[in-house]
Amino acid sequence: MEYQVIKAEGESRSFPDGSEFMSNASESSEIVVLIGSNAGDALGALSDQESKRAILVELGTECLALHTGESRGREGSNILGFARFRLGNDAPSDLVELVCQPNSSEEAIDSAIQLFKEAGLEVSVCRDFAGRIIDRLVRPYYNEALRRLDEGLATADDLDLTLKLGLGYPEGPIELLERSGLADHHDVTKPLFEVYGERAYAPARRAIVAKQRTQK
Amino acid sequence: MDDIKTVAVAGAGTMGSGISIVAARAGFETYLFDTSEDTIARARKQIEGFFAKSVAKGKLTEEQVSEILSRMHGTSKMEDLASCDLVIEAVFEDLNVKHDLLGRLNDVCPEHTIFASNTSTLSISEIAGGSGRSDRVVGMHFCLPAQLMKLVEMSPGLNTAEETFKKAWAFCESLKQKPVRTQDTPGFILNYFLVPFNNDVIRLIESGVAEPADVDRAIKKGLGYPMGPCELLDLIGLDTQVRLCEAFYEVTKDPRAACPPLLKRMVAANRLGRKTGQGFYNYEQNAMFGG
Numbered sequence: 000m001e002y003q004v005i006k007a008e009g010e011s012r013s014f015p016d017g018s019e020f021m022s023n024a025s026e027s028s029e030i031v032v033l034i035g036s037n038a039g040d041a042l043g044a045l046s047d048q049e050s051k052r053a054i055l056v057e058l059g060t061e062c063l064a065l066h067t068g069e070s071r072g073r074e075g076s077n078i079l080g081f082a083r084f085r086l087g088n089d090a091p092s093d094l095v096e097l098v099c100q101p102n103s104s105e106e107a108i109d110s111a112i113q114l115f116k117e118a119g120l121e122v123s124v125c126r127d128f129a130g131r132i133i134d135r136l137v138r139p140y141y142n143e144a145l146r147r148l149d150e151g152l153a154t155a156d157d158l159d160l161t162l163k164l165g166l167g168y169p170e171g172p173i174e175l176l177e178r179s180g181l182a183d184h185h186d187v188t189k190p191l192f193e194v195y196g197e198r199a200y201a202p203a204r205r206a207i208v209a210k211q212r213t214q215k
Numbered sequence: 000m001d002d003i004k005t006v007a008v009a010g011a012g013t014m015g016s017g018i019s020i021v022a023a024r025a026g027f028e029t030y031l032f033d034t035s036e037d038t039i040a041r042a043r044k045q046i047e048g049f050f051a052k053s054v055a056k057g058k059l060t061e062e063q064v065s066e067i068l069s070r071m072h073g074t075s076k077m078e079d080l081a082s083c084d085l086v087i088e089a090v091f092e093d094l095n096v097k098h099d100l101l102g103r104l105n106d107v108c109p110e111h112t113i114f115a116s117n118t119s120t121l122s123i124s125e126i127a128g129g130s131g132r133s134d135r136v137v138g139m140h141f142c143l144p145a146q147l148m149k150l151v152e153m154s155p156g157l158n159t160a161e162e163t164f165k166k167a168w169a170f171c172e173s174l175k176q177k178p179v180r181t182q183d184t185p186g187f188i189l190n191y192f193l194v195p196f197n198n199d200v201i202r203l204i205e206s207g208v209a210e211p212a213d214v215d216r217a218i219k220k221g222l223g224y225p226m227g228p229c230e231l232l233d234l235i236g237l238d239t240q241v242r243l244c245e246a247f248y249e250v251t252k253d254p255r256a257a258c259p260p261l262l263k264r265m266v267a268a269n270r271l272g273r274k275t276g277q278g279f280y281n282y283e284q285n286a287m288f289g290g
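As given, the protein sequences belong to chains A and B, one line each in that order. Sequential numbering of the first sequence, starting at 0, is according to numbering that gives the first Met the number 0. Sequential numbering of the second sequence, starting at 0, is according to numbering that gives the first Met the number 0.
Chain A with its partners taken away, still in its complex shape (with noise of 0.2 angstroms):
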């Protein structure tokens, strides 16, 4: 399948510079992917819109939205959010979240997905809700166990070794968050706190610790 890659400003978090998804990209194609930490403003500068079969723009935090704008539930076009989840520093996972709004053109859709199948990903697709999937999901159990090894329910060796062991988890919470950065879960887990207010997406203490170090 052709597509048209567009670089914006900053680093792609889902596609790194010179990754074979890049190199594979045709001059020109109905189907456009904006790349990059500013890919949604280069959506404006961007022509002819409507008649490409899919826009497809990398998100950061954000929502689709931001780009699109929204109209009383009823928005949706050719112009499709994605972003591969990845933690922190760690390469790119082999999961892309395809973030679609209520009327989103299922050409648009079907055509995504099959890009990405092509490029040997996988795709859940999902509403245009911060956090996604998996950042929603896995932001208040990461910051519960933060809590929960300040309250001392058990060491962090324990904390981890019980959910690989009991869970069949590939990594414990706390090891895994000292791997891919405390600071990088606080940058992630803030915005989710600001759009839902629950406690849960608050950043836990040691992330805060984390992130205040970072800017000393």
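Keep in mind that the hints were calculated from the coordinates and are not lab data. If you're wondering where the values come from, they're calculated on a predicted model, not measured in any experiment. Hints are not guaranteed to be accurate.
Stated by the list, open to error - Simulated coverage check for chain A against chain B, where a stretch passes if three residues somewhere in it have a Cβ under 8 angstroms from a Cβ of chain B:
{"hint": "1", "stretch": "38-48"}
{"hint": "2", "stretch": "87-98"}
{"hint": "3", "stretch": "129-138"}
{"hint": "4", "stretch": "144-153"}
As the list claims (entries may be wrong) - Between beta-carbon pairs, the in silico distance windows are:
{"hint": "5", "chain 1": "B", "residue 1": "P260", "chain 2": "A", "residue 2": "E69", "range": "24 to 30 angstroms"}
{"hint": "6", "chain 1": "B", "residue 1": "K175", "chain 2": "A", "residue 2": "G72", "range": "30 to 36 angstroms"}
{"hint": "7", "chain 1": "B", "residue 1": "L157", "chain 2": "A", "residue 2": "N102", "range": "54 to 60 angstroms"}
{"hint": "8", "chain 1": "B", "residue 1": "L157", "chain 2": "A", "residue 2": "D149", "range": "50 to 56 angstroms"}
From the three backbone atoms N, C-alpha and C, an ideal C-beta is built for every residue, glycine too.
Guided by the hints, dock chain B onto chain A, whose structure is given.
Frame of chain A, contents of chain B only:
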């Protein structure tokens, strides 16, 4: 483990049967107690079936299985537990039921006998309060299926003597299990994290963010979990999740532990998961249940 030679497991359900396999396999004389003879007979049949598979897979010989089974004694008579050094209760998750059992065991068992509770939700201190020997009660939560999973969450109650905890810990290690020490707080470690997480998944589906298959794919592929949360919920049973929510919310009042409305509706519709053939997935037609 020098001090503990004979053990009993009270409650011959899935959990109790699994724990009795672990104990007998590790060389302990093991009583499997239940008030129902039918339940004991059914458990014995399931245990024999498990060991038959072990032989078929080459993990054990027929001689070894025969020896293990000779150490397992099913009984409905509580007096038969009078020789036990440790009793692990795995009865229904109801404080009154556990108090009644431990109170009667306290009359039958010798002073040195340790009572361990396999509870996953109730407080060890509260359970111990009805035992008549709260210094000799300890939490010993095995994971399902106990005969395969190595992890055991071990929790002392407020009155548990350190000597009791050490003996129980050493016993657990002699079972070739992997104990971890946790505080006596609701859900210990595993369920403390799992129950609200699963509720978050159900609420996310209910609010139309994603379909169950998309959630499962994201979690498995994005995080490397072996099962998706909807697959896991269907496996453990949605009615079980409701009971866990009720037990947790009662104690913690944590909004994430409250039973999501979609979960209640699915249970009311008998969509309990694999056990009824339909939950988040349909196991006959392989179709999905959407939010």
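Against the structure, the hints come out as follows:
With 0 residues having a beta carbon nearer than 8 angstroms to a beta carbon of chain B, the stretch 38-48 of chain A misses the requirement of three or more and the stated coverage is violated. For the stretch 87-98 of chain A, the stated coverage by chain B is satisfied: 4 residues place a CB nearer than 8 angstroms to a CB of that chain, which reaches the threshold of 3. Here the stretch 129-138 of chain A counts 6 residues with a CB under 8 angstroms from a CB of chain B, which clears the bar of 3, and the coverage holds. Counting residues of the stretch 144-153 of chain A whose beta-carbon sits less than 8 angstroms from any beta-carbon of chain B gives 5, enough to reach three: the coverage restraint holds.
Evaluation of the 24 to 30 angstroms hint for P260/B and E69/A yields a pass: the beta carbon distance comes to about 26 angstroms. At about 57 angstroms, the beta-carbon gap between K175/B and G72/A misses the expected band of 30 to 36 angstroms. Between L157/B and N102/A the CB atoms are about 58 angstroms apart, so this pair conforms to the stated range of 54 to 60 angstroms. Under the hint 50 to 56 angstroms, the C-beta atoms of L157/B and D149/A, about 21 angstroms apart, miss the expected range.
Checked against the numbered hints above, the structure violates hints 1, 6, 8; every other hint is satisfied.
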